[in-house]
Amino acid sequence: MSRYRVPGKGRVDAARPVGFTFDGAAYHGLAGDTVASALLANGVHLMGRSFKYHRPRGPVSAGSEEPNALIGTRRGPGRFEPNTRATMQEVWEGLQTTSQNKYPSLRFDIGAVNDAAYMLFSAGFYYKTFKWPQSFWHKVYEPFIRAAAGLGVAPAEEDPDHYASRYLHCDLLIVGAGPAGLAAAVEAAGRGLSVAIVDENAEAGGTLLSEPQAVIDGQKAWDWLAQTLKHLKAAGVRVMTRTTAFGYYHQNMIGLVQKLTDHLAAPSADLPRERLWRVRARQVVLAQGALEKPLIFNGNDRPGVMLAGSAQTYLNRYGVRVGDEAVVVTSHDSAWYAAFDLADAGTRIKAIVDTREKVSEDLLSAARLRGIETRLSHSVTATGGRLRLAHVTVNEVDCGQVREGQRIYCDCLLMSGGWTPSLHLFSHTKGSLQWDADLTTFLPKDTPEDCVIAGAGRGLWGIGAALNDGTEQARAALRALGVEGAGGVHAVDHDRSGSGTTMRELPTDRNPGRAKAFVDYQNDVTAKDLRLAVREGMRSIEHVKRYTTNGMATDQGKMSNINGLNIAADALGKPQPEVGLTTFRPPYTPTSFGAFAGYHRGDHFEVVRKTQIDPWAEEHGAVFENVAQWRRARYFPKPGEDMDAAVRRECAAVRASVGIFDASTLGKIEVVGPDAVEFMNRMYTNPWTKLAPGRCRYGLLLGDDGFIRDDGVIGRLSQDRFHVTTTTGGAARVMNMMEDYLQTEWPDLNVWLTSTTEEWSTVALNGPDAATLLQPFVEGVDLTEDAFPHMSCIECTVAGLPARLFRISFTGEVGFEVNVPAPYGRQLWETLWQAGQRHDICAYGTETMHVLRAEKGYIIVGQDTDGTVTPYDAGMGWAVGKKKPDFVGMRGLARPDLTAEGRKQLVGLLTKDGSKLEEGAQIVFDPDQPIPMKMVGHVTSSYDIGTTERPIALALIEGGHDRMGETVHIPMPDRTIAATITGTVFVDPENARLKIRGESA
Amino acid sequence: MLLIHCPYCDETLPEAEFTYAGQAHIVRARTPSDQTDAEWEEFLFIRENVRGPHFERWRHFHGCGRYFNAVRDTVSDRFLTTYKAGEPRPDLSELEGRA
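Chains as they are written, first to last, in the numbering used here: chain A, 2 to 1002; chain B, 5 to 103.
It should be emphasised that the hints constitute simulated quantities derived from the structure, not laboratory data. There could be a bad hint or two in this list.
Claimed, not checked - Partner residues aside, some chain B positions facing chain A, computed with beta carbon under 8 Å:
no., residue
1, L7
2, F22
3, P36
4, S37
5, G67
6, G69
7, L84
8, G90
9, R93
Note that this is a predicted model, so its numbers are computed, not measured. We treat Cβ as the ideally placed atom computed from N, Cα and C, and that holds for glycine.
Model the full structure from these sequences, guided by the hints.
Given below as structure tokens:
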């Protein structure tokens, strides 16, 4: 056992050694150790390099506030995590850890040249330095900054772990299982309430783990703790350790992350690594305690310089002395106790340096008893030692004068600047703070949430005060829940409440401009930087923070915010409450993306909607594309075919014989009721009153601004029933819009709307042979021009299935869409596929559908329109009912801008050289004008794989409808293409192909 | 996550069940064609950006599907009240202190 391990001390298990590695070297710790405590037990303080100056750093704390000792942890491929706090990571057999921010090694780091050049890297360094010349930015500055940026190394592999999510609803949630939280839980337990208490540490107890000397209600602290936890669990209180409350959200929702495997040597593969809890608590007790403040002096970051309370924790909780010879520097009583505990455990305390003129006689006599030299009214002005503290310089301060320093040799320096309440979660609630001049800190005041704050979190120091406040605050929370608590007072002996003063920088006899007195260790911000920021004009604390990056590191300013505020306030010459504190934001500690993602990854990230016919398409080699959430077959390549070849074949087949297409994804809304026709008249541009049952019409939906929102064919099945179709991606939007108008503008209309998209499978047959193929399967109607002309619909039987049959076309060929109850979709498809073999039936996908419709000039909303296109712009004025009193968008169409000359209008384009245009390409009238040219429109659709002899395109062009036959130009990177403006219909403008030729067989 | 009371379901439910639907009490004219350009502009585009109680619409999208009105304090993000579509604006003075 190493000489730093104190036998019989701490909660580690001396019988269970644990082997782990740090930067490749093997070490042993004990079960119950953190990486930091185990390394300290081996005499290792140097655990990392700082972010900016690459200064050697060791742990300054023993908890989640640790800014320095950040390590990478590894558990095999993919399981690497950077920036883990060595003070929180428990050791397990085989754990591999590495230090960060160093090259080539932790002991010799080239980046430390930044430290020598520290005068260059002052506040606002980036703003001042990387300004000119402009040409340097991309090639020199940005690559340099990018290479230097970032803390640790991001993992390169996909995370193989899984993460869980759960909800918890409880009456009372207690955050923090120290004395205040435990007392609150005791008060609330056994009263028929659901109570949960959470703590980020591996075990509950908080301060009690570091102060075993206390005696609570006649029991030793650790015995009281064990018995209390047993009692709480027996009373049904949910006690969750390794669980961080990372954020406090609206209406008492608290986010928790519970770490489940990071402390285990061989976790079960079934176990999620972390579990995210969304807790909705009726009342919350925040018992997060307080954080010790570092003192600000030159060299306060050298490995071996540590918070006194943390040294006490390492000793009492882990049984580790942090050094052999210590100096203590403090402005608060609490550090004296740490000195006494260490002295009693065998560390030589060479001096207690206190900045105050007076301390209590009890402390002085306890120091005398142990033979410890005490120096009141003293300051520390420097530290020395390369990779580890070797000596400190101590100076007397006499009436504001700093006397000559005296060097004291030591291997650790324990500091305490007093304590500041952990206000993070309270701050998340938008809780207001009030300045306490006595404690020189902010205390919580009011919060809009149903929440109380107890113990050191509101400035009450000492175990007794925390316990009794926990009870009191829990009583208040219980009262709010309508339950009367018992109250009561805990009696505590050997409590160590104390007081102190708050220092800004410690007094020094040196040039403060050269001092490396760190305020924010993680971002390497010094007191000098903060004062410089104020000198350079930063007035708001928010500006000071951002200019210097103080408090912006991953520790969220846990150690630096209050010290930074005190220094900035001093520099500004204002009292602290006038300067204010920066806002704490979630998460309290860094939280993994995995925890937030939970189950939502891979196939569970987003739903992929598949039609009933999708498996057939997959079996037949379809290439798919996503359309909104739907997966749709894009084309069906035969062996050796690329997309162009496949689409060319599919297009030709549809025009030559018959093609079959899965149109099930089209949105479908059933509009039913006595006022259905009136509703349709008001929603769509078209007139519906005279549409006879059994007939269909192309419907155009606008917004009240007059722009096209959606379109689709709508069939009137009976007087009071419409079968509305929408675009695939627009279904939910259209439904929402219809509901909005129906519920809130026209509640007098007697209409029901039902989304039926997934009720129906829709199979489309298109081509000259479509009628001949389909007729034998249809009962109830003859598929002839007379009996069932284009734009007809009927409820009938198809292939023995109840069906809604539509005669409509999105290809320009004779077309049918057969809707059958969704589960029968594949059965119908295969029946038609079999029968179609003698017609050379061809399955086609969305790409062919797009080409064929473009050849006919049928628009796709969202491709040929962009939210600023009116029906008139699109050349579809014919779809607008002129005699209706109103429809959605009618007034909008009369807006001055929408009736103005020179609007962009949809036209066709044929290139002069027969080349294919790029969709999205910009169009100009005059290609010889100087750059920047005046752009007059863009190409919306363009294809060269259809059935036309030349490539075709659709485009929106200013005043396009009046420019038929004119030439426009499309400048491309390598050349400018000339094109002629045409109409939008490239195939069969007479619509002759829509007619069934000859009677069906 | 906010908790929202649906006045139709008479239940207080998580925000995830609801969708926001813009400012409330914007009436679409019975005969929009009679509206001047300025009036129609006001109806289409002009919205308040209040600091404090805001009248707004929500839809219980993953529930009953109904649109309803709410008063939400834009500073505290608290719902002061919710009420059915078509009901009159509540008196703000009676809602004070709920934020």
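Verification of the hints:
1. The interface hint given for L7/B holds, since its Cβ lies 5 Å from the closest Cβ of chain A, which is under the 8 Å cut-off.
2. About 13 Å separates the beta-carbon of F22/B from the nearest beta-carbon of chain A, more than 8 Å, and the hint is not met.
3. A least Cβ separation of about 4 Å between P36/B and chain A falls short of the 8 Å threshold, and the interface hint therefore holds.
4. Nearest Cβ of chain A to the Cβ of S37/B: about 6 Å, under the 8 Å cut. The hint holds.
5. Evaluation of the G67/B hint against chain A yields a violated restraint, the C-beta minimum of about 13 Å exceeding 8 Å.
6. The interface hint given for G69/B is met, as the beta carbon of that residue sits about 7 Å from the closest beta carbon of chain A, less than 8 Å.
7. Among the interface hints, the one on L84/B is violated; its C-beta lies about 13 Å from the nearest C-beta in chain A, farther than the 8 Å criterion.
8. With a cut of 8 Å, the hint placing G90/B at the interface with chain A holds, because the nearest CB-to-CB distance is about 7 Å.
9. Look at R93/B: its Cβ only gets to about 15 Å from chain A, farther than 8 Å, so that hint breaks.
Going down the numbered hints, you'll see the structure goes against 2, 5, 7 and 9, while the others check out.
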